[in-house]
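Student: Required output: the full structure, derived from the provided sequences and hints.
Now for the letters of each chain:
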Amino acid sequence: DTGVSQDPRHKITKRGQNVTFRCDPISEHNRLYWYRQTLGQGPEFLTYFQNEAQLEKSRLLSDRFSAERPKGSFSTLEIQRTEQGDSAMYLCASQTGNQPQHFGDGTRLSIL
Amino acid sequence: GENVEQHPSTLSVQEGDSAVIKCTYSDSASNYFPWYKQELGKRPQLIIDIRSNVGEKKDQRIAVTLNKTAKHFSLHITETQPEDSAVYFCAASIWGGGNKLTFGTGTQLKVEL
Numbered sequence: 034d035t036g037v038s039q040d041p042r043h044k045i046t047k048r049g050q051n052v053t054f055r056c057d058p059i060s061e062h063n064r065l066y067w068y069r070q071t072l073g074q075g076p077e078f079l080t081y082f083q084n085e086a087q088l089e090k091s092r093l094l095s096d097r098f099s100a101e102r103p104k105g106s107f108s109t110l111e112i113q114r115t116e117q118g119d120s121a122m123y124l125c126a127s128q129t130g131n132q133p134q135h136f137g138d139g140t141r142l143s144i145l
Numbered sequence: 060g061e062n063v064e065q066h067p068s069t070l071s072v073q074e075g076d077s078a079v080i081k082c083t084y085s086d087s088a089s090n091y092f093p094w095y096k097q098e099l100g101k102r103p104q105l106i107i108d109i110r111s112n113v114g115e116k117k118d119q120r121i122a123v124t125l126n127k128t129a130k131h132f133s134l135h136i137t138e139t140q141p142e143d144s145a146v147y148f149c150a151a152s153i154w155g156g157g158n159k160l161t162f163g164t165g166t167q168l169k170v171e172l
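Protein chains in written order, with our numbering: chain R, 34 to 145; chain X, 60 to 172.
Treat the hints with care, since some could be wrong.
Part of the chain X face toward chain R, derived, beta carbon under 8 angstroms [stated by the list, open to error]: (1) R102; (2) F148; (3) K159; (4) T161; (5) G163.
Examples of chain R residues toward chain X, derived with CB under 7 angstroms [said to hold, decoys possible]: (6) Q74; (7) G75; (8) P76; (9) F78; (10) Y81; (11) E89; (12) P133; (13) F136; (14) D138.
Label-pair restraints from in silico Cβ distances [to be verified]: (15) X:L99 x R:F107: 21 to 29 angstroms; (16) X:P67 x R:K90: 28 to 36 angstroms; (17) R:G105 x X:K169: 41 to 49 angstroms.
In case anyone wonders, no lab produced these hints; they're calculated from the structure. None of the values given here were measured: they were computed from a predicted structure. Where a beta carbon is used, it is the ideal one built from N, C-alpha and C, also for glycine.
Tutor: Put into structure tokens, the structure is as follows:
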């Protein structure tokens with residue numbers, strides 16, 4: 034068990050560009066969550082998957098955001114046409130059964 | 060939806076003293092309440108959790124209490140140490156209903172020597 038892995042750790046991009054983040058959950062964890070955390074705030078729920086099915090999306094997830102988990106293993110989160118307000122830490126967590134959610138180190142996105 | 064409020068936002072204690080952080084939640088259906096510790100630049104790490112079928116849970120120097128009627132829960136850290144310095148987040152969720160976590164705004168705990 035190597036824990037939840039996220040890539041990249043940091044992403045700097047210009048406003049208007051598209052970015053994609055990857056999350057590799059703990060193996061055999063069937064649930065995968067994406068959260069966004071801004072400075073001085075707690076993580077905010079974005080979306081979650083059970084296996085490959087995306088079961089819930091937050092209102093925070095605008096049309097510019099899309100997430101996938103094609104084979105029920107790793108997941109990607111894509112942001113199109115990035116805006117200044119997208120600057121944040123994007124956290125991934127995974128969970129199974131009665132176990133708590135385990136978080137990755139996150140991807141810090143900075144929009145220039 | 061669920062709303063979680065957390066107080067205080069900052070807390071400074073002397074080493075060896077106790078620290079208490081309080082949270083309230085709004086959704087009476089919430090039944091799972093974890094606490095996470097986050098050091099600067101690192102991932103949130105679970106330190107203790109409690110389900111609504113118990114009123115208190117303890118793990119060494121850390122304890123959590125839950126009052127379902129009042130919809131509030133608290134984290135208690137005894138004999139604080141410098142390594143306890145971090146941001147602590149409470150959260151609430153409906154276990155079995157997707158388990159998405161609604162977090163409080165965090166408490167910056169500083170343990171001074």
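Student: For the restraint on X:K159, tell me whether the closest CB of chain R is nearer than 8 angstroms.
Tutor: This hint holds: X:K159 lies near chain R, its Cβ roughly 5 angstroms from the closest one there, short of 8 angstroms.
Student: With a cut-off of 7 angstroms, does the beta carbon of R:Y81 approach a beta carbon of chain X closely enough for the hint to hold?
Tutor: 6 angstroms, holds
Student: Can the suggested window of 28 to 36 angstroms be confirmed for the beta-carbon pair X:P67 and R:K90?
Tutor: 33 angstroms, holds
Student: Restraint: R:F136 near chain X, CB-CB cut 7 angstroms. Satisfied or not?
Tutor: At about 4 angstroms, which falls below the 7 angstroms cut-off, the nearest Cβ of chain X leaves the hint on R:F136 intact, so it holds.
Student: Starting from the hint 41 to 49 angstroms, judge whether the C-beta atoms of R:G105 and X:K169 obey it.
Tutor: 42 angstroms, holds
Student: Does the interface hint hold: is R:Q74 within less than 7 angstroms of chain X, judged Cβ to Cβ?
Tutor: Cβ of R:Q74 sits 6 angstroms from chain X, so the hint holds.
Student: Would you settle whether the hint for R:D138 is holds or violated, based on the nearest Cβ-Cβ distance to chain X being less than 7 angstroms?
Tutor: Holds: closest Cβ of chain X sits about 5 angstroms from R:D138, inside 7 angstroms.
Student: Can the hint on R:P76 be confirmed by a CB-to-CB distance to chain X that is less than 7 angstroms?
Tutor: 5 angstroms, holds
Student: Interface hint check: R:E89, Cβ to nearest Cβ on chain X, cutoff 7 angstroms. Holds or violated?
Tutor: 6 angstroms, holds
Student: Min Cβ distance, X:F148 to chain R: is it shorter than 8 angstroms?
Tutor: 5 angstroms, holds
Student: Let's test the interface hint: is any C-beta of chain X closer than 7 angstroms to that of R:F78?
Tutor: 5 angstroms, holds
Student: Does the closest beta carbon of chain R sit nearer than 8 angstroms to the beta carbon of X:R102?
Tutor: 4 angstroms, holds
Taken one by one, the earlier hints all hold for this structure without exception.
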